[in-house]
Amino acid sequence: MRPIITGYLDQEGLSSFEDKIKRAKALGIDYVALRHYQKTPLIELSDKEIKSILQLLKDEKVKVSYIDTNIKPFDLYDDKAFKNALDEFKYMVKFSDKFKATHLLMKLPLINDVIEEWDVLSKKLEAFIDIAMRSSKKIVLEHTESYKSNVYAYIFKKIKSKDLLMFLDPIVIMKHHESITTSYRLFRHKIGIVQAVDADEFLNPMLIGYGKTNILSAFKKLLRDRFDGFISIDNHFYSNVFKEPEVKPGFFKRIFTNEKKKKEQYKQFLSQKIFPNEETKNVTYDDILENQIKVIQVIFK
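Numbering-wise, the numbering used here puts 131 at position 131 of the sequence shown, and it's gapless, one number per residue.
It is worth saying that the hints were derived from the structure and are not from the lab.
Careful, some of the hints might be misleading.
Below, a list of computed lysine to aspartate or glutamate pairs in the EDC-like style, where the Cα atoms sit at most 16 Å apart [as the list claims (entries may be wrong)]:
#: 1; residue 1: K190; residue 2: D225
#: 2; residue 1: K160; residue 2: D130
#: 3; residue 1: K39; residue 2: D79
#: 4; residue 1: K124; residue 2: D79
#: 5; residue 1: K138; residue 2: D163
#: 6; residue 1: K72; residue 2: D47
#: 7; residue 1: K294; residue 2: D234
#: 8; residue 1: K261; residue 2: E244
#: 9; residue 1: K301; residue 2: D234
#: 10; residue 1: K162; residue 2: D130
#: 11; residue 1: K90; residue 2: D68
#: 12; residue 1: K61; residue 2: E18
#: 13; residue 1: K25; residue 2: E264
#: 14; residue 1: K301; residue 2: D228
#: 15; residue 1: K190; residue 2: D228
#: 16; residue 1: K123; residue 2: D79
#: 17; residue 1: K148; residue 2: E178
#: 18; residue 1: K124; residue 2: D163
#: 19; residue 1: K100; residue 2: D30
Throw the hints in and build the complete structure from the sequences for me.
So, in C-alpha cells, the structure goes:
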C-alpha cells in the first residue's frame, strides 16, 4: 500500500470548512484531517454542527484521515488536570467513531525529565493507550518543539504498543539541531504521520528538496520501508508568503512595505520553480500544494 496524502488544508486555520473541502476536491485528495470547524474546537461542536460536517463529507465523498484532539499538555502531578484530559480523550474517541477515523493526534504531558519521571508518566500514558486500544484507535504523539527526539525514543522503547505512534516533523527536528536520518532511525517502525515540509536555515518555508531539513532522505527511507501511513502536506507558505501583513502607521509602515517586498520576491522565486516555462504566471497557495503533491506522488509511485 502507498501512503495516504492528507492535511488540514485550511490555510493554517483561516479557511472555512467548505473551502477546505473544495480545496481537497480540487487537489484530488480523498482524506482530510480535522482540528476544528469554523474555528470552533471539535469538542465544543453541537450535534447539528457535527451532522453538517458528516453530510458535507458524504456529499463530496471525502473521508477523515486523523483528528487532532487539541488536548492541552497537562501537569503530570495534577490529578484533576489528568482526569479532565482523559475525559476529553474519551469524548474525542467517540467523536472519531462518527467519522470512522482511527488516528488521534495528541501532545505529551508536561515533563522535565523523561527518565526520572518515567513511573508517573508511564501510568498516565498507559491510561490513554488503554482507552485507544479498547476502541481500536491509535494515538499519534505530536512532534513538538518542547522535547527532543530522544524523549520520544525513550517512550517508544519502554512502551511496546502498536497503538502508540509518532508524528514526524522535519522542521521540528531541524529546530533542535538534530539529524532527520537519526530521528528516522529512532522512530522507524513507529511513524504514523509525516509532515511533508521543508525550510531554509532561517526556518522560512521551502519547496520539498530546496530546504535544509534533508526531508528527501527521509522519504527515501519511508519508500524503502514501505510506509503506508499518512503524509500531511500542510505547510506555512500561506502565512509567510500570501497573507497580507497588517498595515500600521508611521515607522511600522516602512516595515510593512519591506515585508511586502520580500514576500513578492519570494513569490517570484516560487513561480520560477513551479512554472519555469511561464515567466508571467503568478503562483498561488493552491499551486504550491498541487506541486508538492506531485513531488510526493513521484517519490511514492
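Results of checking the hints against the structure:
1. Using a Cα cut-off of 16 Å, the hinted pair K190 and D225 holds, with the two alpha carbons roughly 12 Å apart.
2. Restraint check for K160 and D130: the C-alpha separation of about 12 Å stays at or below 16 Å, so the hint holds.
3. Between K39 and D79 the CA atoms are separated by roughly 29 Å; this puts the pair beyond 16 Å, and the hint is violated.
4. For the hint pairing K124 with D79, the CA-to-CA distance comes to about 10 Å; that is within 16 Å, so the pair holds.
5. Taking the CA atoms of K138 and D163, the gap is near 4 Å; set against the 16 Å cutoff, the hint holds.
6. This hinted pair does not check out: K72 and D47 have alpha carbons roughly 23 Å apart, beyond 16 Å.
7. Among the hinted pairs, K294 with D234 is consistent with the structure: their alpha-carbon atoms are about 14 Å apart, no more than 16 Å.
8. Under the criterion of a C-alpha separation no larger than 16 Å, the hint pairing K261 with E244 is consistent with the structure, at around 11 Å.
9. Only pairs whose Cα atoms come within 16 Å are accepted, and K301 paired with D234 is rejected, the gap being roughly 20 Å.
10. The straight-line distance between the Cα atoms of K162 and D130 is roughly 11 Å, inside the 16 Å bound, and the hint therefore holds.
11. For the given pair, K90 sits about 13 Å from D68 by alpha-carbon distance, which is consistent with the 16 Å threshold.
12. Annotation: proposed proximity of K61 to E18 holds, straight-line Cα distance about 13 Å (limit 16 Å).
13. A C-alpha spacing of about 28 Å is found between K25 and E264, which places the hinted pair above 16 Å, so the restraint is violated.
14. In summary, the hint linking K301 to D228 is supported, as the alpha carbons are separated by about 12 Å, within the 16 Å threshold.
15. For the given pair, K190 sits about 12 Å from D228 by alpha-carbon distance, which is consistent with the 16 Å threshold.
16. With a C-alpha separation of about 12 Å, the suggested pairing of K123 with D79 holds against the 16 Å cut-off.
17. For the suggested pair K148 and E178, the alpha carbons sit about 8 Å apart, so the restraint of at most 16 Å is met.
18. The straight-line distance between the Cα atoms of K124 and D163 is roughly 15 Å, inside the 16 Å bound, and the hint therefore holds.
19. Between the alpha carbons of K100 and D30 the distance comes to roughly 14 Å, so the proposed pair stays at or under 16 Å and holds.
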